[in-house]
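Engineer: Protein chains in written order, with my numbering: chain A, 32 to 284; chain B, 4 to 266.
A couple of the hints might just be wrong.
For the chain B half of the interface with chain A, some residues (derived, Cβ under 8 Å), not all of them [to be verified]: (1) TRP31; (2) ARG79; (3) LEU88; (4) SER98; (5) LEU138; (6) ALA153; (7) VAL156; (8) ASP159; (9) GLN162; (10) GLU164; (11) ARG207; (12) SER212; (13) MET216.
Simulated from the structure, these hints should not be mistaken for lab results.
Even glycine gets a Cβ: it sits at the ideal position worked out from N, Cα and C.
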Amino acid sequence: MATEPLLTVENVYFAIRGNPILQAVSLQVSSSEIVALIGPNGAGKSTLVRIVLGLLRPDHGQVRLRPGLRIGYMPQRLTVDDTLPLTVQRFVTLGTPASRERVRSALAEVGAVHVLNTPMQAISGGETQRVLLARALLRKPDLLVLDEPIQGVDLTGQYELYDLISHLRRRQGYGILMVSHELHLVMATTDHVLCLNRHVCCSGHPEHVARDPAYLELFGIDGARRLAIYHHHHNHRHDLHGAVVAAKEEIHG
Amino acid sequence: MDDFLARALLGGLGVALAAGPLGAFMVWRRMAYFGDTLAHSGLLGIVLGMVLNVNPELGVAVTCLTVAVVLVLLQRQRRLAADTLLGILAHTSLSVGLVMLAFLETVRVDLVSYLFGDILAISPSDLYWIWGGALLALAALAWLWRPLLAATVHEDLAQVEGVPVFAVRLAFMLLIAIVIAVAMKVVGILLITSLLVIPAAAARRFARSPEGMAALASGLGCIAVGTGLWVSLRWDTPAGPSVVIAAAVLFAVGHAFPNHARR
Numbered sequence: 032m033a034t035e036p037l038l039t040v041e042n043v044y045f046a047i048r049g050n051p052i053l054q055a056v057s058l059q060v061s062s063s064e065i066v067a068l069i070g071p072n073g074a075g076k077s078t079l080v081r082i083v084l085g086l087l088r089p090d091h092g093q094v095r096l097r098p099g100l101r102i103g104y105m106p107q108r109l110t111v112d113d114t115l116p117l118t119v120q121r122f123v124t125l126g127t128p129a130s131r132e133r134v135r136s137a138l139a140e141v142g143a144v145h146v147l148n149t150p151m152q153a154i155s156g157g158e159t160q161r162v163l164l165a166r167a168l169l170r171k172p173d174l175l176v177l178d179e180p181i182q183g184v185d186l187t188g189q190y191e192l193y194d195l196i197s198h199l200r201r202r203q204g205y206g207i208l209m210v211s212h213e214l215h216l217v218m219a220t221t222d223h224v225l226c227l228n229r230h231v232c233c234s235g236h237p238e239h240v241a242r243d244p245a246y247l248e249l250f251g252i253d254g255a256r257r258l259a260i261y262h263h264h265h266n267h268r269h270d271l272h273g274a275v276v277a278a279k280e281e282i283h284g
Numbered sequence: 004m005d006d007f008l009a010r011a012l013l014g015g016l017g018v019a020l021a022a023g024p025l026g027a028f029m030v031w032r033r034m035a036y037f038g039d040t041l042a043h044s045g046l047l048g049i050v051l052g053m054v055l056n057v058n059p060e061l062g063v064a065v066t067c068l069t070v071a072v073v074l075v076l077l078q079r080q081r082r083l084a085a086d087t088l089l090g091i092l093a094h095t096s097l098s099v100g101l102v103m104l105a106f107l108e109t110v111r112v113d114l115v116s117y118l119f120g121d122i123l124a125i126s127p128s129d130l131y132w133i134w135g136g137a138l139l140a141l142a143a144l145a146w147l148w149r150p151l152l153a154a155t156v157h158e159d160l161a162q163v164e165g166v167p168v169f170a171v172r173l174a175f176m177l178l179i180a181i182v183i184a185v186a187m188k189v190v191g192i193l194l195i196t197s198l199l200v201i202p203a204a205a206a207r208r209f210a211r212s213p214e215g216m217a218a219l220a221s222g223l224g225c226i227a228v229g230t231g232l233w234v235s236l237r238w239d240t241p242a243g244p245s246v247v248i249a250a251a252v253l254f255a256v257g258h259a260f261p262n263h264a265r266r
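Next comes chain A alone, as it looks inside the complex:
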């Protein structure tokens, strides 16, 4: 495993018309590491992602990518205009020309092979996220950048998607930078959390961040309490009436 980080962001500043969006932000992502970026709306998460991707240039500071690094990017949301007839197969190969077999296996890896020939407009939000992930995987990336990968996905789907992402990290050794709006969602899968609110409020192991006063202040006591709910270990589940049923599998905690 390479010791050199895939991505280094050093002391980045960014402002829009004198209004500071990011101040003194630094972060690193290495291979096989999942770094999560959390923070409230307007915290500058997407701006930081755009700087990492080279879509925006920082006012100060720098972004260093390991030479020859390939980035797979999964944008926050994607809607294909209704007027554009585009199947999933075509969409996935827009970025990287690939044989039908490779497309099939990339879609199989994310559990979306059943929509291969479906128009992009006819698949669900969760399927769209999986298809986007498949398109990123086709590029054989070293680093995956996922901007709110679970948006528009129901709760079960969210955990499935995070499971898939951590599975990919284990199997392929990708470095992963992902944005999320809530800590509890990324708790189980993440190695390193950066809590962002225009500057880095706190960072470290998710357990550590969850107890940090800066985190509690940023997300309020409600957020912290919700975290506690998700934090304890489950050995059972509740049905709709609250009765205890045996757990099928452990997905978080």
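Chain A is fixed; fit chain B onto it per the hints.
Structural biologist: Chain B alone, transformed into the frame defined by chain A:
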């Protein structure tokens, strides 16, 4: 067939052929009003062409491209909404063109033929311009196809994947400018957008792939040109508007059929 009729048909078909695929991209990128704005600035291009004593097609293409670049730069300011900017530029450039035209007392200009087209007056040299421009635009579009399609679906994603999005967008605008310049003679600058947008919109229902929709749009555009021209001869209607109405009828008829294309 009379010579002027053959030239009218040939010219119209050339324009329709190039307008189909370009119009499809305009529909996908929601740029109909943008195209309209460029076309409106075409009159300014004609007048500038007269003042500088260059070919009007060249004047139109250069002016359209300039307006397109100005628009792109203004849109980066993000202070005014895009459609407001378009509204300002479209009618300002048209008005500047009209006022400048009024100053050119020495030149007699048939304004109506520029605004609504004069397909029956297409000369052999016009035909060279039309077919040269149309084939050039089609060849360039074929070359641009893949990156342009990727940028149309999601600009950021395309850029991260290595598409030079800004250059591709600029190249696409250049192609629109070329098509507007060559289509001016056929339907006039006020009706050009319809020849770009209506056949593409009519093709959507029957298309399963982007390429299919582009090809079908070309075909429907050609049918509209033929039909419009025939109607114009038969009932002595203005040719440019007749072509546009034929395209609109094709659109309406297409939508009257039950939808078989899988959604």
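Engineer: Compare the structure with each hint and give your call.
Structural biologist: Status of the hints after comparison with the structure:
Checking TRP31 (chain B) against chain A: minimum C-beta separation of about 5 Å stays under 8 Å; hint holds. Below 8 Å, beta-carbon pairs count as interface contacts, and ARG79 (chain B) has none with chain A, the closest being about 13 Å; its hint is therefore violated. At about 19 Å, the closest approach between the beta carbon of LEU88 (chain B) and any beta carbon in chain A exceeds 8 Å, and the interface hint on this residue is violated. With a least beta-carbon distance of about 32 Å to chain A, the hint placing SER98 (chain B) at the interface is violated under the 8 Å criterion.
Against a cut-off of 8 Å between C-beta atoms, the interface hint on LEU138 (chain B) is violated, since the closest Cβ of chain A lies about 25 Å away. The closest approach between the C-beta of ALA153 (chain B) and any C-beta of chain A is roughly 4 Å, which is under the 8 Å cut-off, so the hint is satisfied. Look at VAL156 (chain B): its Cβ gets to within about 6 Å of chain A, closer than 8 Å, so that hint holds up. Hint status for ASP159 (chain B) relative to chain A: holds, with the closest Cβ pair at about 6 Å, below 8 Å.
Hint status for GLN162 (chain B): holds, given a least beta-carbon distance of 6 Å to chain A, under 8 Å. Nearest Cβ of chain A to the Cβ of GLU164 (chain B): about 4 Å, under the 8 Å cut. The hint holds. This hint holds: ARG207 (chain B) has a C-beta 5 Å from the nearest C-beta of chain A, less than the 8 Å allowed. With a cut of 8 Å, the hint placing SER212 (chain B) at the interface with chain A holds, because the nearest CB-to-CB distance is about 6 Å.
At its closest, the beta carbon of MET216 (chain B) sits 6 Å from a beta carbon of chain A; the interface hint therefore holds under the 8 Å criterion.
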